[in-house]
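A.B. asks: What follows is the residue order along each chain.
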Amino acid sequence: MHKCRAGALAALLWLAATTVCAQEPGVTPERILFGQSAALGGPAAELGTEMRRGILAAFEEANRAGGVGGRRLELRSYDDHYEPEQAIANTTRLIKDDSVFALIGAVGTSTSAASEPIARAAGVPFIAPFTGAQFLRDPALSDVVNVRASYSEETEAIVERLIGDLGFSRIAVLYQDDSYGRTGLAGVRQALDRRGLELAGTGTYIRNTTAVKTALLGLSERDPQAIIVIGAYLPSAVFTQWARKLGVNALILNISFVGSDALAKALGPAGNGVYITQVVPFPGGDTLPLLGQYRKALVANDAAAKASYGSLEGYIAGRLTAEVLARAGAAPTRASFLKALADAGTFDIGGFTLSYGPGDNQGSDQVFLTVIRNGDVVPAERLTP
Amino acid sequence: MSADAAGTPGRRRRPRLGLSIKLYAAIAGAVALILAASLVAWISFVELGQLQRRITREHIPSMTDSLRLAHQSAVIAATAPALVSAPNEAERERLMNDVRGHQQVMAALIDDLEKQSAKATDPGNPQELILRIRQATAELSDVLDKLDQSVGRQLALKIELADRRDRAVELHRHLIERLTPLLDDATMFLVTGYRTIDDVSPVPAELRYSKEALLEYAAIAQLGIEGNLLGGLLAEGANIPDANLLPPLSERFEAAADRFRAALPAVKGKEAEVLRVIADGLINLGDGTNGIFEPRHDLLVEVQSAENLTDQARTIAARLTGDVDKLVASVEGRTAEAVAASNRAIDVGSKLLLSLNIFSILGALLIGWWYVARQVTAPVVRITNAAAAFEEQRFDPESLGEVRKRTDELGDLARTFTRMAGEVQTRTETLDRLVAERTSRLESVARRLAIYLSPQIYNSIFEAKGEAQGSLARKNLTIFFSDIAGFTDISDAMEPERLAFLINTYLSEMSKIAIEYGGTLDKFIGDAMLVFFGDPETEGDRNDALRCARMALRMRDRVHELDRTWAEHGISKPLRVRMGITTGYCTVGNFGSEHRLDYTALGSPVNLAARLQTSAEAGTILIADSTWLLIRDAVDAAPMGEYTLKGFARPVGCYRLDGLTASGAGEAVTLTGRHVSVNVADRRHVQEAIEELQRMEKDLARHLPRE
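As they're listed, the protein sequences go chains A and B. Residue numbers for the first sequence follow the numbering used here, beginning at 1 and rising by one. Residue numbers for the second sequence follow the numbering used here, beginning at 1 and rising by one.
No wet-lab data here; the hints were simulated from the structure. These numbers were taken from a predicted model, which means no experiment stands behind them. The reader is advised that the hints may include incorrect statements.
[Said to hold, decoys possible] Cβ-to-Cβ under 7 Å is the rule here; a few derived chain B residues that face chain A:
id, residue
1, Glu177
2, Thr180
3, Pro181
4, Thr187
5, Met188
6, Val191
7, Asp198
8, Val200
[As the list claims (entries may be wrong)] Below are the DMTMM-like pairs computed for lysine to aspartate or glutamate, each with C-alpha atoms no more than 20 Å apart in a straight line:
id, chain 1, residue 1, chain 2, residue 2
9, A, Lys265, A, Asp376
10, B, Lys268, B, Glu216
11, B, Lys158, B, Glu58
12, B, Lys119, B, Glu58
13, B, Lys512, B, Glu429
14, A, Lys245, B, Asp185
15, B, Lys573, B, Asp527
16, A, Lys245, B, Asp199
17, B, Lys573, B, Asp489
18, A, Lys265, B, Glu688
19, A, Lys245, B, Asp198
20, B, Lys22, B, Glu402
C-beta atoms are modelled at their ideal positions from N, C-alpha and C, and glycine is treated no differently.
Given only the sequences and the hints, what does the whole structure look like? Please build it.
C.D. replies: Shown next, in the form of structure tokens:
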């Protein structure tokens, strides 16, 4: 009799549990599955790879501590080659076939622009896209959780420095001919507008090519004091090398998306004095507890891994995700996840503060300046000619 | 029957029609009327039933089928556009399966309708319409099949085309991604003289600006232009809406391809081979059945044919829908007609039924009034009236004259009744006469008897109050006995006539007084008289005794008054009467033999009264103590001591009754109903009485309720 009742109760609980779990895709009593569509191959491969590495480091760190609410955090990543069409296919596959709980660590502006609407339509959170594009900062996009500062904040910081530190007025832009490049271009233009200045010139190149020479020839005619590159590391490197070869001595500055380490590697000796803005602190530093935790987690997950800006951003995204999940209740849902994020508002990830609120889906506004010296990317306080 | 008739020969001339037969006939008449009404009702119902059956068996199924047919044809007609826009094979298959299902249902419905119309019995049979619907359905099915095949081919072509277009886009992108760096490098070389980053020194300007070098640069630029054109033309061709525009497009494509191939040798080395492979792939997509243009052309042709088929299907469907609408309308019309007929039948039937009911009710009333009332009820009423009249003894045999002529049971009854009434009348008259005679004789006897009897006794005999004969009773009576003192002497000295006058007036007056006071005059014994109070009516012992005392005093006074009368008649010596009164238990009743009975009182009080009378002085009243004890408060009596009387062992206390005390004279005023009686004992008291009455009048007026 009692046995019978206990059995029935257990069956009922099991049923209830499975029903609840069945209701929310990607969530089982054992795990929560996240999906990532990013460039894991092709010219932008390093960006996606590093992002994935950082997220995994954070996830594995949480899993070693028993998971979130007893559930392991898992990540499934597909390569989109930094192409929007492939990103769309990957995102659809992750949502429909793999039933991921949320998307995390998308890389690129054009790819995010293509995949975010799909995630939004399915009600899937779109966490920490590796892009500073302005359209993802639209307050109406309640499904998007940005970690990093926007491109316009980066370009604003660059222009501020160029004028403040060096008193430059002739500033030109080399941009990739897509939404990423145009977003950066618009950011620079706005920053100059605010100061009553005009662009000294613009050059452009086709994505996934290194056909930057014609643009360089065009720009060199305008004799700019500084050239801000809104592009990928390989074209940026080719551009810089050819500029130096042709004796164009303008200061060359990149924004974070360029991929600092890859850029430094590709530039070789020509890299000296090339500036890069970052949206996370110098990963090798000790300014925040976060950085030590990050390096420890990174090595714990992959002994051969080296600290990088990309993986640090991924790590912060992973940490944030775990924190929000911990507050999203015993049976987290996509809705409760986003509600927990909005309710908590501010998160302190090892001293790195992320704050969200109504009309603000971007956690950090910080921009850090770095410079390449002898093939290494190091923090810089200010610009020097 | 014949034996009956033989048994009563000549009794009836007319055949006998019995009452029951008449009643049966009346009932049968009424029943016949009802049956007639029922027959009409039955016929109406049968007619209605037929109409109803026609509606339910023929029209309702036809109606349902027609409406379903309309629905099915609408669904099939709507399928053609849906089929044309089917996005994939699965949808096409599903739609066609649905269509086939609907077609089967339609075929079954048409079969059904045909069967029904073959059975139909009313005019306006839509057989021709059904035939046309069948034809239209078959045509529509044919067109839809063709359309389905066309759509199938379209889908296959679309898949093929989409595949090739994707390939074209991919190749185009690859081509541009290859060509752009080439042009970029060529530009760098042309401007700076560097071919690669590793070149230590640039090529001098005079070398790099040669005619060949410039032509080579232009060729590379043209490759970009032509490559873009090839990709653009392919994309345009894949989406071109008009098949006529395809040939010129194809021509432009071929021209661009030729120009591309002509410029290609400008590219040297490994890169040239890669470019050629990509370009060949792209150019092949513009050529023949494996390209984009031909399948696009086929698709457009197929779309056109599908459009034609859709138009055909639409036309047929419109015809079908029109025919089905007509069918529905026709079935509706037929149903409406049947319903109208049924309504008419109901109307006529109900009116007919109503009038028949009225007719049968009137008929039944007529039968009741004309036949039953006149033939059956009226004679019975007459006989009843005759019986009532007979009871009141004013029966006129003529009143039954009509009824007696009847041949049925009522005639028999009237005849028998008349005969019986006659006999009873005769006997009653005889008896009445005898009774009257006897009564008058009895009345005269009673009158004579009244003289000899005390009125109480008389009344109790003739009005049957009390038991005149039979039982005896013991009662407490007050006995009065009187005798004229020295009557023997008086009678001797008087001639018989005067004596008779004297004794007669005396007894007569005394009797009156005795009756006036309610005494029972028992008997006269010569001049003596015996009166008693308390039987047959008593007012209680005291009142009986008091009445007796008053009577005695009145008699004494009356005798004084009579003395004057007698003196006028020459009887000089006044009469003196002795009276005795006593009270005690006596036996009263009828005593005597079976031949002669006398109602009288017997007992020692009677003897004692007689003895007291003899002991009384002449002109006085002697009462025994038994009476005195009852009335001593009301009378003025002088004790006379005790008398020892003959026949009585013990002496008896005696009193001489002299008069009444004031209270004994009775209530001064007695209110009896609406009268006031005034008892004035003395002339002197008249004035007092008048004063008293006046006082009482005021008193009464005060007490009487206001009116």
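A.B. asks: Among all the numbered hints in the text so far, which are the ones the structure does not match?
C.D. replies: As far as the earlier hints go, 7, 8, 11, 13 and 18 are violated by this structure, in ascending order.
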